[in-house]
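Assemble the complex: chain C is given as a structure, and chains E, P and G must be docked to it using the hints.
Number of protein chains: 4
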Amino acid sequence: MVIIMEDKATEPEIQNVVEKIKSMGFTVHRSDGIQRTVLGAVGEKRDVDKRNLELLQGVREVISITKPYKLVSREFKKDDTIIQVGTVKIGGDNVVIIAGPCAVEDRQQVMKIAEILKQNSVSALRGGAFKPRTSPYAFQGLGEHGLILMREAADKYGLLVVSEVMDVSQIPLMEKYVDIIQIGARNMHNFWLLRELGKIRKPILLKRGMSATIEEWLMAAEYIMAGGNYQIVLCERGIRTFENYTRNTLDISAIPVIQKLSHLPVIVDPSHGTGRRDKVRPMARAAIAAGAHGLLIEVHPDPETALSDGAQSLYPEQFNQLIFELNDIAKVLRKKIC
Amino acid sequence: MVIIMEDKATEPEIQNVVEKIKSMGFTVHRSDGIQRTVLGAVGEKRDVDKRNLELLQGVREVISITKPYKLVSREFKKDDTIIQVGTVKIGGDNVVIIAGPCAVEDRQQVMKIAEILKQNSVSALRGGAFKPRTSPYAFQGLGEHGLILMREAADKYGLLVVSEVMDVSQIPLMEKYVDIIQIGARNMHNFWLLRELGKIRKPILLKRGMSATIEEWLMAAEYIMAGGNYQIVLCERGIRTFENYTRNTLDISAIPVIQKLSHLPVIVDPSHGTGRRDKVRPMARAAIAAGAHGLLIEVHPDPETALSDGAQSLYPEQFNQLIFELNDIAKVLRKKIC
Amino acid sequence: MVIIMEDKATEPEIQNVVEKIKSMGFTVHRSDGIQRTVLGAVGEKRDVDKRNLELLQGVREVISITKPYKLVSREFKKDDTIIQVGTVKIGGDNVVIIAGPCAVEDRQQVMKIAEILKQNSVSALRGGAFKPRTSPYAFQGLGEHGLILMREAADKYGLLVVSEVMDVSQIPLMEKYVDIIQIGARNMHNFWLLRELGKIRKPILLKRGMSATIEEWLMAAEYIMAGGNYQIVLCERGIRTFENYTRNTLDISAIPVIQKLSHLPVIVDPSHGTGRRDKVRPMARAAIAAGAHGLLIEVHPDPETALSDGAQSLYPEQFNQLIFELNDIAKVLRKKIC
Amino acid sequence: MVIIMEDKATEPEIQNVVEKIKSMGFTVHRSDGIQRTVLGAVGEKRDVDKRNLELLQGVREVISITKPYKLVSREFKKDDTIIQVGTVKIGGDNVVIIAGPCAVEDRQQVMKIAEILKQNSVSALRGGAFKPRTSPYAFQGLGEHGLILMREAADKYGLLVVSEVMDVSQIPLMEKYVDIIQIGARNMHNFWLLRELGKIRKPILLKRGMSATIEEWLMAAEYIMAGGNYQIVLCERGIRTFENYTRNTLDISAIPVIQKLSHLPVIVDPSHGTGRRDKVRPMARAAIAAGAHGLLIEVHPDPETALSDGAQSLYPEQFNQLIFELNDIAKVLRKKIC
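Protein chains in written order, with this note's numbering: chain C, 162 to 499; chain E, 162 to 499; chain P, 162 to 499; chain G, 162 to 499.
Source of the hints: derived by calculation from the structure; they are not laboratory data. Do not rely on the hints blindly, as some may be mistaken.
To be verified - The calculated DSS-like cross-link candidates involving lysine-lysine, where the alpha carbons are at most 30 Å apart (straight line), are: (1) P:Lys497 / C:Lys497; (2) C:Lys231 / C:Lys250; (3) P:Lys183 / E:Lys169; (4) G:Lys231 / G:Lys421; (5) E:Lys497 / G:Lys231; (6) P:Lys250 / P:Lys492; (7) E:Lys181 / P:Lys228; (8) C:Lys238 / C:Lys496; (9) P:Lys183 / E:Lys421; (10) G:Lys492 / C:Lys211; (11) E:Lys279 / E:Lys317; (12) C:Lys238 / C:Lys363; (13) E:Lys497 / E:Lys238; (14) G:Lys492 / E:Lys250.
Unchecked claim - From the derived model, a few chain C residues whose C-beta atoms are all more than 10 Å from chain P: (15) Val179; (16) Gln196; (17) Thr198; (18) Ile224; (19) Ile226; (20) Gly247; (21) Lys250; (22) Lys279; (23) Arg312; (24) Tyr391; (25) Arg446; (26) Glu465; (27) Pro477.
The beta carbon of each residue, even a glycine, is placed where N, CA and C say it ideally should be.
Here chain C stands alone, though its shape is the one from the complex:
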């Protein structure tokens, strides 16, 4: 930490701060400038509340130097993390497409969509079995039966299964049926759940909270990695802003930012990020052009009858056209859709 004293801080005030810093376990470097004194607190403690210094008499500002995260950072691990699940590689120069309906509805729907994915060379099938709807009066998902249907369809067509865990109690089910466990935006801050997912050894797809900063998002990944589970894919899905024409504002710039700060792969969900089918194609292209390691896209055999989020699901033909465009854009960046 760096502690900047006020211009008129007195010597006893400075001494008091020095003592407090020492009592917190740091070594102090003092630098007396012409206008003010600056104190450096040297040490590697990560759980310090800097406000305890800010409130001392004569202190103007306290600045943290140690980032709160470590394992996720590129300083800790220089090379890109590449997560291999079966034959699929996520990260590096690969562009992975994970697609499927918002919610699993019935056997026919899942089989149909899995077939469409296969025809488009997609690697992974996504679908919700437990649906955390904002309204208590809406469809809440098929539960375990939904997971069974996804597993069956994925096995038939050689796909991976990606599905969202809602609560600690569902982890065993997820371990049984799913290849990549998704943590939804609403649970990014659920440290209880993150801690438990750190104990298992399945890859995690961690969505950004709807108003999480990039640092908080990386800290959620750190929580999981601190438990020993290092296979994390980050997924940008839009943040809340004052703009209300779009459901969320998809933060495309988070992609190069994450790639500078962290070695973890980062993908984008343009479906939740925009909330409207006609915005999914341009934003999917933009994400790949910005360097994303992949996409999470909602597609439905018949969006008009979808039980949830049909409005943001692509029609199969639209999806097919999009895949072609994405291939061409990936080539510009010397990458390859898989």
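Same frame as chain C, but now just chains E, P and G:
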């Protein structure tokens, strides 16, 4: 819903929308203006995704008329809800003070703070037993032992106990030791947890999510009430904005807004809402002046040694002075601290 | 407007609202549902303050149907507006690149950069002559001399000149030296300036205000068009959010949104939108992939010595590489850089 | 500035940064920790763009220590600034009420409102003569005639006149008729206008920009003070957030924050801050309870017929009741309405 067609919408486009509305179970009222056609969809369905109409050809905009919540609304229940716990009444003209440390640390701390609260005529002791810290490297709370200590101190001094539940698995512990169960900001969107808390019969203190709109906050309360638990106290604790001098921006205007929309009591947490001790007093006064039904305040016998959030905890003397000021402000509004 | 009455609104309350609506010059359509009454106010007035109805007894909500803008909307003009300046076309399938330094510094700098632009087939030279710096202690621009230098360089290399107007008093200078007049983000809400720019006949490049909604941005364009100046290019440059790793959050999704709502061309400024050179390339690619009609990019012969915003200016070599990438991405969308 | 190097920064990288810092005119203090090197740049330059260092190889982060403002800060001037205009004092323990209609409409309206203000012991009459409406189709104000009417009414009833300047060209008019010149939220970032207002010697009422940070707001005040005009009253009027039930989110916590950072008086505008009459009273009380030095309130003899913002104007009786409440709350803080 009201569906506004584009100025140049064709008759077949209008007919297509009419059919779609009917197929969703609504009756249609059509109004042809000079410039455009407006369709009214009459019916009381709450789980409709209006985007399914927005995407149809010729539709300019779709507006929901039915609010997504019902039980929490003042239209449903005109008079203020007053929640009685023991001899304490929350809501109406009462101003309740709930105070205590961020985290329960040990027996001595809890006993000391309970004594201080009693001396200040406070009704309820708050304290965290399970601490959902953003850093995996920080103090995580005493668990059940913390709840036992709070119960003992509260019983000795005639106080209520308020503590936060982090996960569905902790509900039985909460039912055993706690009088009012708190849902933290990070869990306001945890529908899994809300659903389970709808099944019990203890009062709930529901904090606003850090970027939740007022409507989403009321929907979270609706979730609990839909399960049959009607005793809910709403708690404003600051929202995330671009301003970063304060930890959050305490939305004082949410108080009169909630009081117009809902019959539920609404209190304010100026400690988390500002994150700094020196801002707690002015904001606590402001909340009461704006008409809040109470406050949730962090106070610690010795904030400098607190294991968490010491920087936003008041010293006992500051707390005492604040209570005096709040009494005087409450009188201006013809209310009474209890 | 649609006025939704409360469920328990009385007949006198409804009548009172009906009378008020009529007195505002509207015709009323009344629809009595099972639960509540809904009133439609038919007419085309644009300057109504709907809050005057919202505050009447028994009214739950008032919804505007008439959009506040007209001339900018795609309903008013179906086909894309293409603005031709000299031989350059902005809009439609053209992708225009406008580039140059943040501020004009001296003759040598401007000549050098104009040469670089020509080598990269760029159409327009941008540069600031009047610099509205946030600090009163920073470089404030060369004024008219800067405009003269830009004109000279542009004429030598066959480029257009784009520069920002800061105040009504500068309009005559702009008319004399500049081909496209830029309105900066801070002036998007300066209706005094917008009104005067509506009276001239030079194309306007209108940047989005740093916290303007898309609707407000379109209203600013409407202001200019209402004065008779129809040649407007919209420019997205990032909005303010809670995320502070990037200077602003570049709202790439505004591109498809604008293209649906309006016939005006929309370009993107990734330099101000991110504030850092290393984020400019990925975001420039993303903007073109999302369908932007062009880019506004800062490039400097020697960014390290730039008098302002050097950190977000590309090196000439980086700029050259970027142009190659953009050409390839534009081809995927069947567009062409010009 | 403090420059934090990456953990693995090499010695040549560190040397390169050291040279760059020196070339910017600073002295360098180097501190080699166990994990990383931290460089201190000592000097008092205010116009440095720290991004120029951030982009150098091996640099992790650069932190500014020197605040961008000086004259407005409490470090520069310890005691509260009290601005005296005629017999009215703004700042310190005085609570000033400035009230009146949104726009001056005609002679009768202004005279009536001035009489009402006098009956309520208000010090200053506010009213808009130039109205910067968001719609080009709405009422745009009476211009100079409006200022003449306000001056006449104010002189008759012994009040000050407060009115908003929209453009540099209006400054002479303002100097002629007005006692305190208001800068609206949309012009807070208009450095051209701020600079000109620094040259005159009338007190300025500076509203916070609708998405300005507190630091940017103080910088706008610094701009004016740097020109030699030291009489500035800051006015909080709500910031833009994702919450859309209220027009803006009134940031009450800005009051204690400003009072810590600056010696300038800070008042609050609950009328624009909420946009609805029924929210003005609670928020006005909250502002005074939080310690504001005054209020700017819209009141109209007949809000229903107001030409602008009638919905947020109080009725005369409501205003009278509010003044009584504010008096009582001011007493709790040992302050006095004037």
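Status of each hint after checking the structure:
With a C-alpha separation of about 24 Å, the suggested pairing of lysine 497 of chain P with lysine 497 of chain C holds against the 30 Å cut-off. For the proposed pair lysine 231 of chain C and lysine 250 of chain C, the alpha carbon gap of about 24 Å is at most 30 Å, so the pair holds. Restraint check for lysine 183 of chain P and lysine 169 of chain E: satisfied, since their Cα atoms lie roughly 27 Å apart, inside the 30 Å limit. A C-alpha spacing of about 14 Å is found between lysine 231 of chain G and lysine 421 of chain G, which places the hinted pair at or below 30 Å, so the restraint holds.
Note on lysine 497 of chain E and lysine 231 of chain G: the hinted pairing is violated, with a Cα-Cα distance of about 44 Å set against a maximum of 30 Å. For the hint pairing lysine 250 of chain P with lysine 492 of chain P, the CA-to-CA distance comes to about 17 Å; that is within 30 Å, so the pair holds. Straight-line distance between C-alpha atoms of lysine 181 of chain E and lysine 228 of chain P comes to about 25 Å, which keeps the hinted pair within the 30 Å bound. Note on lysine 238 of chain C and lysine 496 of chain C: the hinted pairing holds, with a Cα-Cα distance of about 22 Å set against a maximum of 30 Å.
For the given pair, lysine 183 of chain P sits about 27 Å from lysine 421 of chain E by alpha-carbon distance, which is consistent with the 30 Å threshold. Simply put, lysine 492 of chain G and lysine 211 of chain C have alpha-carbon atoms about 36 Å apart, too far for the 30 Å limit, and the pair is violated. Of the pairs offered as hints, the one joining lysine 279 of chain E and lysine 317 of chain E holds, with about 10 Å between alpha carbons and a cut-off of 30 Å not exceeded. Restraint check for lysine 238 of chain C and lysine 363 of chain C: the C-alpha separation of about 20 Å stays at or below 30 Å, so the hint holds.
Between lysine 497 of chain E and lysine 238 of chain E the CA atoms are separated by roughly 24 Å; this keeps the pair inside 30 Å, and the hint holds. Proposed proximity of lysine 492 of chain G and lysine 250 of chain E is supported: the alpha carbons are some 29 Å apart, at most 30 Å. The Cβ of valine 179 of chain C lies farther than 10 Å from every Cβ of chain P, with a closest approach of about 30 Å, so its non-interface assignment holds. Once the 10 Å rule is applied to beta carbons, glutamine 196 of chain C is consistent with being away from chain P; the minimum gap is 16 Å.
Non-interface status of threonine 198 of chain C relative to chain P is upheld: no Cβ of that chain comes within 10 Å, the nearest being about 24 Å off. Distance to chain P confirms isoleucine 224 of chain C as a non-interface residue, since its nearest Cβ pair spans about 14 Å, more than 10 Å. Every CB of chain P is more than 10 Å from the CB of isoleucine 226 of chain C (nearest about 16 Å), matching its label as outside the interface. At the 10 Å boundary, the C-beta of glycine 247 of chain C stays outside the reach of chain P, the nearest C-beta of that chain being 29 Å off.
For lysine 250 of chain C, the shortest C-beta to C-beta distance to chain P comes to about 21 Å, beyond the 10 Å cut-off, and the non-interface label holds. Residue placement check: lysine 279 of chain C keeps its beta carbon more than 10 Å from all beta carbons of chain P (closest about 24 Å). Distance check for arginine 312 of chain C against chain P: the nearest CB is about 34 Å away, which clears 10 Å, and the non-interface claim stands. Taking the minimum C-beta to C-beta distance to chain P, about 24 Å, the non-interface status of tyrosine 391 of chain C holds against the 10 Å cut.
Distance to chain P contradicts arginine 446 of chain C as a non-interface residue, since its nearest Cβ pair spans about 4 Å, not more than 10 Å. Separation of glutamate 465 of chain C from chain P is adequate, the least Cβ-Cβ distance of about 20 Å exceeding the 10 Å criterion. Remark: the non-interface label on proline 477 of chain C is consistent with the geometry, its nearest Cβ contact in chain P lying 21 Å away (cut-off 10 Å).
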